[in-house]
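Participant: Residue numbers (this note's numbering), protein chains in the order written: chain C, 1 to 392; chain P, 1001 to 1392.
Warning: the hint list may mix true and false statements.
[Said to hold, decoys possible] List time: in silico EDC-like cross-link candidates among lysine to aspartate or glutamate, alpha-carbon distance up to 16 angstroms:
(1) C:K367 <-> P:E1298
(2) C:K325 <-> C:E262
(3) C:K163 <-> P:E1108
None of these hints come from the bench; they were simulated from the model. No experiment lies behind these values; they were computed from the predicted model shown.
Below are the chains, spelled out letter by letter.
There are 2 protein chains.
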Amino acid sequence: MTQQDFTIYAGLYKDALLLDVIPFWECYSIDKKNGGYFTCLDREGTIYDTDKFIWLQARQAWVFSMLYNELEPRKDWLETAKLGIEFLIKYGMAKSGDFYFAVNAVGEPLVKPYSIFSDCFAAMAFGQYAKAENDDHFLNLAYKIYQNILSKQQNPKGIFNKKTNIRPLKDFALPMILSNLVLEIEVVLSQGEIDQMLDTCIEEVMGTFLDEETGLIHEYTSPEGKFVNSFEGRLINPGHGLEAMRFMLDIGNRRNDRALVEKAIKVILSILDFSWDQEYGGIYYFMDVKGHPTQQLEWDQKLWWVHLEALVALAKAFSLTNDPKIGAWYQKVHHYTWKHFPDPDFGEWFGYLNRQGQPHLTLKGGKWKGCFHVPRALFQCWQTFEKLANQL
Amino acid sequence: MTQQDFTIYAGLYKDALLLDVIPFWECYSIDKKNGGYFTCLDREGTIYDTDKFIWLQARQAWVFSMLYNELEPRKDWLETAKLGIEFLIKYGMAKSGDFYFAVNAVGEPLVKPYSIFSDCFAAMAFGQYAKAENDDHFLNLAYKIYQNILSKQQNPKGIFNKKTNIRPLKDFALPMILSNLVLEIEVVLSQGEIDQMLDTCIEEVMGTFLDEETGLIHEYTSPEGKFVNSFEGRLINPGHGLEAMRFMLDIGNRRNDRALVEKAIKVILSILDFSWDQEYGGIYYFMDVKGHPTQQLEWDQKLWWVHLEALVALAKAFSLTNDPKIGAWYQKVHHYTWKHFPDPDFGEWFGYLNRQGQPHLTLKGGKWKGCFHVPRALFQCWQTFEKLANQL
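Construct the complete structure from the given sequences, taking the supplied hints into account.
Facilitator: Right under this line is the structure:
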C-alpha cells in the first residue's frame, strides 16, 4: 500500500461513516416516542419490527457516545446517545441486576436475562456515556454492571445453562469481550484491576484458546485449555478470532508488548489462510477445525461484522508493522468487502451474503445487526489510515 | 399421473428404501459396543462425531420397529431396534422422567432435558417396539412418557423457558406432534382418550394455527389463536405445515371426515404456492408471512425433510382425491427432490442444499438428520403408490 492509498482509504471510511451510515441510523432508528432505538430496519430503512434487543440498544448508545467523545462533541449525537441510555436505565435491567435480552417497543420485558453479553454492552454504553456527560453516576453504574459480570463469569448462563458437568468447556467469547470492556471502562478501575484483567485475558485468549500448532482460535476448550473433539470443541469462528486479535493488538500497542503484537499478527494470518473462501472469496462464518460438517447451517455465509473486524485487525496490524503480507491481505479483504457489503441504492451495509456474495437477507438491522460493527469499524479504519497518511 | 407412473414410483421408493437408505444406516450407524446408534455420519458414512442425540436414537429405533411391524418381521431389524431401545432405557431418561437431549457415546448425559420432543420420539419408539416385541412393558413405558408429555404441555421448556409473560404465545409444534403420537400409541389408549386428543389437535392445527385468509399454518399465535405481529408470530415453516397436513389427511381418512381431508388439501396447495422458490425451485425452509426478513439465516435453504414431507402429503392427498392439481404439484416436487437430494456416489440423501440446489453440508447425519425422515417418507410413498398401482 502506498501513501496515496492511505489517503484514499481514510477518505473512503470517513465519508461512509459520516455521510452514509450514521445518517442512516439517525434518520430511521430513533424512537422519540418511547425512547431507545428501532433496529429492525429493512433495506430501505423502514421499521419492520418494533422489538428492542437490549444489547443493540446498548451498542447504539455506545456508538453515539463514542463519536461524541472521540470525534466531535455534537449535541445531536449526545442526545441520540441519551435516548438509548435512558431507555436502558428505565427498562433494561431486571431486579436481579442482570439485563434483559429483549423488550418490546415500550420497554416491557420479553426475554429474560440469559445472555451475559447484554450486560457487557450495557457496561460499555454507560462507560462511554459517562465520559460524554462527565457524570460519575453513569460511571458507577458501569462499574456495578462490570462487577456483576465478573461474579457470573463461571456460569454466565445461570439457570438457563443446559449442559451437564460431564464435558466441562471453557467459552472464548467472554474473555474476548472482557479484554475490550476493561479498556472501555478503565477510568473507573484501578491500575491493578486493569493490569490483572488484561493479563488474564491475554493468557486466556493467547494461551488457552489459541492452538499453537494451527494458529487458530478455538471457541471452546477443556478447562485445562485442551482440544475437545466435539462439535463445540472443533468449532472455529474466524470473525471472533480476528476481532479478538485486534483487541490484542490494542493491548500490545498500549503496553509496548512487541511479542504480543507479533503473535497476534501471526494468528490473524493463520485465521485468514484457513477461512478465506478460495472459490468465491470472503471469510466463512463458521468452520470445523477438522473439516467436518458444522452444526451451523449458515457456516458458509459471509457476514458484515466478520469482514469489518478483519479490516480493522489488518489495518491496525499494518500500521504497527508495515508488513507487506499484511498489506496484501488488507487489500484482498478490502476489495471483497467494499464490493459486496455497502448498499449502493439505499445506503448502509448489507449484513448477510450467501456464499456466492449475494445478499440473501437485505435487512439493515434485526436481532443481531444494529448500529455498531459498521460505524465502529469505519471509525477505526478511518483513524488508522489517517494516521498512516500523515506519517510522512 | 398415469397408472404406469404409480408402478414406477412405487418401485423407485421401494428400491431407495430397501437397497440404499436402510442398508446405509445398517452399515454405518450401529454402535455394537455401547448400544444405540451413531448418527453423525459424513457423506461416505464415516462417523465424524460420537455424541448421541436422544431424539435421533428414538427415531431410528422407531424406524426399524416400524419396518419390522409393517413390512416384514426380519430378525435383524428387530435387533437393530432393540439396540436403540435398550440404550434409551439405560441412558435416555433423567430421574425426573424427562429425556435428555444428548448423551455421549457411552450414554453419559451431556445436555439436560429441555426439549419435549425428545420425550415425544421416545414414546413413539417404545410404542412401535412394544408392538414388535408384543410386550406390555414397553407399552406401559410409552404410556407413562405420554402422560408426562401431557403434564408438561402448558410449559414444555420448564425452567429453560426464557420468555416473560408479556407476550404469551401458543406453539404449533406440540399439537402437530401429538396428532401423530396419539395414533402411534393408540393401543394403549382408550377410544375416549384417542378421540379427545384428535379433536383437540384438529381444532388447534386447523383452527388456532391455520390462518383462513392466507391458508397458511403459523408457528405461533396468541393464546386466543390470533395473529401476533412479531418475528415468531410472522414465522411460516412450510415443512412443518405440510407435515401436519399429512397427519390431518391420515386422521380425516381414518375418521371418514371428508371435510377435514378437503380442508387439509387446500392448505397443502396454499403452502406450496406460498413457499415454492420460483427462481431456483424447491421449498424454502422459513418465511415471514409479511415478506419481512426472518431471524433464521438459513431461511432460503432447501431441506430434505421439508421436501419428503411434501411428497408424502401430496401422494396421500392424490390417492384420496385424484385431483390433477395435486398430481401436478406432486410431479413438480418429485422432480426437484429426486434430482437434488439422493447422493449418487455414496448413497442415502443429502440433507441441506443451498438456495441454488447444491449440497452445502454433505453430511448424511448430524444433530438433526438421522435415520428417520428419509426412510419414513420412502416407506409411506411406496405404500401409497403401490395401492394406487393396484387399484385397477
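Participant: It remains to establish, for every hint, whether it holds in the given structure.
Facilitator: Consistency of the hints with the structure:
no.: 1; hint: C:K367 <-> P:E1298; result: holds (15 angstroms)
no.: 2; hint: C:K325 <-> C:E262; result: holds (13 angstroms)
no.: 3; hint: C:K163 <-> P:E1108; result: holds (12 angstroms)
Of the numbered hints listed earlier, not one is contradicted by the structure.
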